[in-house]
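Undergrad: The letter at position 497 of the sequence shown is residue 497 when you use the working numbering, and the numbering goes up by one with no holes.
Hints are computed from structural coordinates only; laboratory data are not their basis. All residues carry an ideal CB built from backbone N, CA and C; glycine is no exception. Among these hints, one or two may not hold up.
What the hints assert, rightly or not - Here are the simulated DSS-like pairs of lysine-lysine, each with C-alpha atoms no more than 25 Å apart in a straight line:
id : residue 1 : residue 2
1  : 624       : 814
2  : 918       : 891
3  : 834       : 814
4  : 476       : 329
5  : 94        : 225
6  : 748       : 551
7  : 369       : 8
8  : 56        : 329
9  : 6         : 528
10 : 805       : 655
11 : 56        : 94
12 : 585       : 797
13 : 655       : 764
14 : 833       : 737
15 : 528       : 344
16 : 368       : 56
17 : 94        : 369
18 : 624       : 609
19 : 918       : 833
20 : 585       : 528
21 : 329       : 143
22 : 759       : 806
23 : 834       : 806
24 : 764       : 806
25 : 120       : 58
26 : 551       : 585
27 : 764       : 805
28 : 369       : 6
29 : 747       : 806
30 : 810       : 797
31 : 368       : 448
32 : 344       : 805
33 : 914       : 814
34 : 143       : 6
35 : 810       : 764
Claimed, not checked - Derived CB-CB ranges, DEER-like:
id : residue 1 : residue 2 : range
36 : 71        : 98        : 47 to 57 Å
37 : 540       : 264       : 52 to 62 Å
38 : 810       : 968       : 17 to 27 Å
39 : 896       : 953       : 35 to 45 Å
40 : 224       : 730       : 52 to 62 Å
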Amino acid sequence: MAEIGKTKLDSGWLAARSIDIQLTGTQLTTTHPPAGPSSPWMEAVVPGTVLGTLVKNKLVPDPFYGLENESILDIADAGREYYTFWFFRTFHCKLSGNQHVDLNFRAINYYAEVYLNGHKMVLPEGMFRRHSLDVTDVLHPDKQNLLAVLVHPPNHPGTIPPEGGQGGDHEIGKDIAAQYVEGWDWMAPIRDRNTGIWDEVSISVTGPVKIIDPHLVASFFDNYKRVYLHTTIELENRSSWVADCALNIQVSTELEEGICLVEHLQTQHLSISPSARVQYSFPELFFYKPNLWWPNGMGKQSLYNVSITVDVKGHGESDSWSHPFGFRKIESHIDNATGGRLFKVNGQPIFIRGGNWILSDGLLRLSKKRYKADIKFHADMNFNMIRCWGGGLAERPEFYDYCDIYGLLVWQEFWITGDCDGRGIPVSNPDGPLDHQLFLLCARDTVKLLRNHPSLALWVGGNEQTPPHDINMALKYDLRLHPDFAKLDENGQSIKDLSPILRDPSQYLDGTRIYIQGSMWDGFANGKGDFTDGPYEIQNPESFFKDDFYKYGFNPEVGSVGMPVAATIRATMPPEGWQIPLFKKLPDGYIEEVPNPIWEYHKYIPYSKPSSLHDQILMYGTPKDLDDFCLKAQLVNYIQYRALLEGWTSRMWSKYTGVLIWKTQNPWTGLRGQFYDHLHDQTAGFYGCRSAAEPIHVQLNLATYFIEVVNTTSETLSNIGIEASVWDLEGTCPYYKVSDKLSVPPKKTVPIIEMKYPKSKNPKAVYFLLLKLYNMSNYGILSRNFYWLHLSGGDYKLLEPYRSKKIPLKITSKVFITGSTYEIQMHVQNTSKKPDSLNLIYKNNLIVRNGDGDYDTTAAEPVHSRMEEKHGVGVLQRICSRFSKEAAGLKVVQMNGADVGVAFFLHFSVHVSKKEHKAGEDTRILPVHYSDNYFSLVPGETMPITITFEVPPGVTPRVTLNGWNNHSDYTVY
1 MAEIGKTKLD
11 SGWLAARSID
21 IQLTGTQLTT
31 THPPAGPSSP
41 WMEAVVPGTV
51 LGTLVKNKLV
61 PDPFYGLENE
71 SILDIADAGR
81 EYYTFWFFRT
91 FHCKLSGNQH
101 VDLNFRAINY
111 YAEVYLNGHK
121 MVLPEGMFRR
131 HSLDVTDVLH
141 PDKQNLLAVL
151 VHPPNHPGTI
161 PPEGGQGGDH
171 EIGKDIAAQY
181 VEGWDWMAPI
191 RDRNTGIWDE
201 VSISVTGPVK
211 IIDPHLVASF
221 FDNYKRVYLH
231 TTIELENRSS
241 WVADCALNIQ
251 VSTELEEGIC
261 LVEHLQTQHL
271 SISPSARVQY
281 SFPELFFYKP
291 NLWWPNGMGK
301 QSLYNVSITV
311 DVKGHGESDS
321 WSHPFGFRKI
331 ESHIDNATGG
341 RLFKVNGQPI
351 FIRGGNWILS
361 DGLLRLSKKR
371 YKADIKFHAD
381 MNFNMIRCWG
391 GGLAERPEFY
401 DYCDIYGLLV
411 WQEFWITGDC
421 DGRGIPVSNP
431 DGPLDHQLFL
441 LCARDTVKLL
451 RNHPSLALWV
461 GGNEQTPPHD
471 INMALKYDLR
481 LHPDFAKLDE
491 NGQSIKDLSP
501 ILRDPSQYLD
511 GTRIYIQGSM
521 WDGFANGKGD
531 FTDGPYEIQN
541 PESFFKDDFY
551 KYGFNPEVGS
561 VGMPVAATIR
571 ATMPPEGWQI
581 PLFKKLPDGY
591 IEEVPNPIWE
601 YHKYIPYSKP
611 SSLHDQILMY
621 GTPKDLDDFC
631 LKAQLVNYIQ
641 YRALLEGWTS
651 RMWSKYTGVL
661 IWKTQNPWTG
671 LRGQFYDHLH
681 DQTAGFYGCR
691 SAAEPIHVQL
701 NLATYFIEVV
711 NTTSETLSNI
721 GIEASVWDLE
731 GTCPYYKVSD
741 KLSVPPKKTV
751 PIIEMKYPKS
761 KNPKAVYFLL
771 LKLYNMSNYG
781 ILSRNFYWLH
791 LSGGDYKLLE
801 PYRSKKIPLK
811 ITSKVFITGS
821 TYEIQMHVQN
831 TSKKPDSLNL
841 IYKNNLIVRN
851 GDGDYDTTAA
861 EPVHSRMEEK
871 HGVGVLQRIC
881 SRFSKEAAGL
891 KVVQMNGADV
901 GVAFFLHFSV
911 HVSKKEHKAG
921 EDTRILPVHY
931 SDNYFSLVPG
941 ETMPITITFE
951 VPPGVTPRVT
961 LNGWNNHSDY
971 TVY
């Protein structure tokens, strides 16, 4: 007898090109199954794509390396049959007499024939729909089952024009599929158009009655004190007799690891007719002051576990289902002051700072491990929203699981883009996809798949376009709000006027999240659908603070540069790709960057804007080689993206309600718009964002030179101070100012004091500015922000000779190892000068948050315990100080130097410890989570840094420190 539940079929698959197989599906699953991975059969990647399988078997080169994608046959040239593949595997499933088994495909691309033990079934068209096949009658319960799946590519894979373009020739827009696969201005085309079994395959065993698509909704009353959980499920009786069912719903919460508290346990009884499918709504469950789920930076991501089981009289447990659930309410409206859409979570306004997301990997090599790193990176940057762009995916449940855990709100778009659906050049597919009913079927199924995730914040019809009128109207109706989540319905009725059946919000398809017809409508960009998002290029940092930079309240896309570190270039390109751009001087004095062909293919965005902005890399002097270019690019990345977010936050609520950066990452080895590369190494822009998006933040307005304090929390900041110190290249402090006894109201950005230094006598051409916001009662640091600045009209070229200064450092480290996970706690001190014994701020004792996620600005000390992975607590706020308690076992490394000054732009990295390695070999261990990186220390200052990573089996890690004044990797652990 098989155990009730789901078994994933995620390994043991074989694949072969269909034209190489002369057998039918019936033969493959009866008399002539493949014996193993011998030609033409090969080991297959499932979940995955045909191209992913070919890459794994080295039958085609890595399409993301150099120009190798150009050597892979495109489906437009090879024909659809070339990428039509068989997938095969075996499995066992021993059933008892009253059990049923389903074969489930959570998604395929684009349609398929399924053969199981000689019996044929069909998976219809559509990339974003689930398929569930009842295979009970064709299963071999006592022996091996043979499964073969013939997967066909999209019907309209299109042709890639010589000039590339947004979505190629746009033909892919005729299908219900991801549109980025024909290439974009940030992406090379995907040669198989992602044909394959790209999402989870499983078998699920049930008894006579099956649970289908439960819907969980919470409604809130009395200022979130009284909360009701509404639950509606579908039940299917597969037997030929009346099923007397006991339905159980349990809500529990984990108090600590392994210990759960059951908050509710309810049993209801129901009889279901033979072969009937019914909808059932549980009586609502009442909660008093439950722990609420909050977005990143606002509080803790409290999650309960809701489990539902159905027991059938005479047969025992028939089916079960469980899902994490967060109590939260998301509302939004168009703000009168700014014209932007203003979001509220649990009644609190939230200033949106986030980014646009395409997908984790262009070949759909998706995994929980990769998703975890991706989403945690976004939380580490202090972001609170991710927009899933309409040319990509309806993201997978595992993506949403980690957004639930780390507190990232999600804007999920459906599969419409202006480029491919009516607004492209040339205009194409003005009526969108060919099959409108299929689009709606996929949309409704996607809603059912994702609707129980608290992180899911809104549905949007398309990117820079609305769906065709009939689809748009159907989505507006299907996704209409329940009156609990809208002030009034369109007829002005309140909830009390509705029939009892319509009063339960869990009976709606969604009912809790707003549907917006397009990314530039209804409170986004100019709200009318005009192309008023962007820009997408390098900017003068101070421009972000100026009145005329962007005039609408919520910008859904603003982008810029994204050069990775040199090690990533070497790992993803042959030596001819290591050549840095030529700096071509134009007649008007501006510079045009001319990249090498490989960089151009990888969509490099230059750091210059001829006729309007001088090259920002050359502001630091002409780079000598790839390492120098990439290091200077990191300086620009940091300044560019910190300024972008600080400029927006400077006008929080007065001009803006939010901004989403285009984009946070690339699904391939692209060279634009990213905070971490496809290998999962962060750029310095990552840490510029992390600084600027702190919930409590001190910043310099680059346009007015006023020091501002940002308080996005719901509590007043009182009895706080600001320390501003200017440091020159000689290591002296020509300007020092403390402003104390300050108070900043909640949800406000307040200008505090104007910086006087640049206006003083004899200001230095290049100088450093360190700002610290601290709690006056205990000198706990609420925010620390370090700038390098030049006088108006100047540049940073004086930093070049500054590289020769040798600044001494002391690095103290302690390591904690749990399984394969390393946590290394570092204290880095600039020992070029002893700190002022009267000034306790230099210690950088960073204030942590309470368990509810709010800042405790009265805490006397940093937390004295090992950093733990807690939901909703950013890495920077979890710095620990075990050093005082566990002095034994500390490792101390001294980096010698005789000069006094700022230790500038220090950068940790983690490597495989090897005695010998090949020249150019990439020894990095990735991903790594750093509490901070690309940081600088003034004389006497100490910074705590926590580094967390996993190591492969048998590998010993090595941690190195590099910096502007320390050119070579120095091993510190």
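Undergrad: Determine for every hint whether it applies to the structure shown.
TA: The hints, checked one at a time:
At roughly 37 Å between alpha-carbon atoms, residue 624 and residue 814 are farther apart than 25 Å, so this suggested pair is violated. Pair hint residue 918 plus residue 891 does not hold up; C-alpha atoms about 29 Å apart against a cutoff of 25 Å. Straight-line distance between C-alpha atoms of residue 834 and residue 814 comes to about 23 Å, which keeps the hinted pair within the 25 Å bound. Taking the CA atoms of residue 476 and residue 329, the gap is about 20 Å. The hint holds against a cut of 25 Å.
Our distance criterion of 25 Å between C-alpha atoms is broken by residue 94 and residue 225, whose separation comes to about 49 Å. About 20 Å separates the Cα atoms of residue 748 and residue 551, which keeps this hinted pair within 25 Å; it holds. Distance check on the hinted pair: residue 369 and residue 8 sit about 17 Å apart at the alpha-carbon level, within 25 Å; holds. Note on residue 56 and residue 329: the hinted pairing is violated, with a Cα-Cα distance of about 44 Å set against a maximum of 25 Å.
Between residue 6 and residue 528 the alpha-carbon distance is near 46 Å, which puts this suggested pair outside the 25 Å criterion. Of the supplied pair hints, the one linking residue 805 and residue 655 is violated, its CA atoms being roughly 44 Å apart against a limit of 25 Å. At most 25 Å may separate the alpha-carbon atoms for a hinted pair to count; residue 56 and residue 94 exceed this at roughly 33 Å. Taking the CA atoms of residue 585 and residue 797, the gap is about 18 Å. The hint holds against a cut of 25 Å.
About 34 Å separates the Cα atoms of residue 655 and residue 764, which puts this hinted pair outside 25 Å; it is violated. Among the hinted pairs, residue 833 with residue 737 is consistent with the structure: their alpha-carbon atoms are about 20 Å apart, no more than 25 Å. Straight-line distance between C-alpha atoms of residue 528 and residue 344 comes to about 23 Å, which keeps the hinted pair within the 25 Å bound. The hinted pair formed by residue 368 and residue 56 meets the criterion: a straight-line CA distance of about 19 Å does not exceed 25 Å.
At roughly 31 Å between alpha-carbon atoms, residue 94 and residue 369 are farther apart than 25 Å, so this suggested pair is violated. With a C-alpha separation of about 21 Å, the suggested pairing of residue 624 with residue 609 holds against the 25 Å cut-off. Simply put, residue 918 and residue 833 have alpha-carbon atoms about 40 Å apart, too far for the 25 Å limit, and the pair is violated. Under the criterion of a C-alpha separation no larger than 25 Å, the hint pairing residue 585 with residue 528 is inconsistent with the structure, at around 40 Å.
With a C-alpha separation of about 50 Å, the suggested pairing of residue 329 with residue 143 is violated against the 25 Å cut-off. Taken as a hint, the residue 759 and residue 806 pair is broken in the structure, with Cα atoms around 30 Å apart against an allowance of 25 Å. With a C-alpha separation of about 16 Å, the suggested pairing of residue 834 with residue 806 holds against the 25 Å cut-off. Among the hinted pairs, residue 764 with residue 806 is consistent with the structure: their alpha-carbon atoms are about 21 Å apart, no more than 25 Å.
Restraint check for residue 120 and residue 58: not satisfied, since their Cα atoms lie roughly 32 Å apart, outside the 25 Å limit. Of the supplied pair hints, the one linking residue 551 and residue 585 is violated, its CA atoms being roughly 33 Å apart against a limit of 25 Å. Straight-line distance between C-alpha atoms of residue 764 and residue 805 comes to about 18 Å, which keeps the hinted pair within the 25 Å bound. Between residue 369 and residue 6 the alpha-carbon distance is near 20 Å, which keeps this suggested pair within the 25 Å criterion.
Under the criterion of a C-alpha separation no larger than 25 Å, the hint pairing residue 747 with residue 806 is inconsistent with the structure, at around 43 Å. With a C-alpha separation of about 28 Å, the suggested pair residue 810 and residue 797 falls outside the 25 Å cut-off, and the hint is violated. A threshold of 25 Å between alpha carbons decides the hint, and for residue 368 with residue 448 the separation of about 21 Å falls inside it, so the pair holds. Annotation: proposed proximity of residue 344 to residue 805 is violated, straight-line Cα distance about 50 Å (limit 25 Å).
Note on residue 914 and residue 814: the hinted pairing holds, with a Cα-Cα distance of about 21 Å set against a maximum of 25 Å. For the proposed pair residue 143 and residue 6, the alpha carbon gap of about 19 Å is at most 25 Å, so the pair holds. At most 25 Å may separate the alpha-carbon atoms for a hinted pair to count; residue 810 and residue 764 exceed this at roughly 28 Å. Between residue 71 and residue 98 the Cβ separation comes to about 55 Å, which falls inside the hinted range of 47 to 57 Å.
Taking 52 to 62 Å as the suggested C-beta distance range, the pair residue 540 and residue 264 conforms, at roughly 57 Å. A C-beta distance of roughly 18 Å is found between residue 810 and residue 968, which places it inside the suggested range of 17 to 27 Å. Look at residue 896 against residue 953: about 36 Å separates their beta carbons, and that is inside 35 to 45 Å. For the hinted restraint 52 to 62 Å between residue 224 and residue 730, the CB-CB distance of approximately 56 Å keeps it satisfied.
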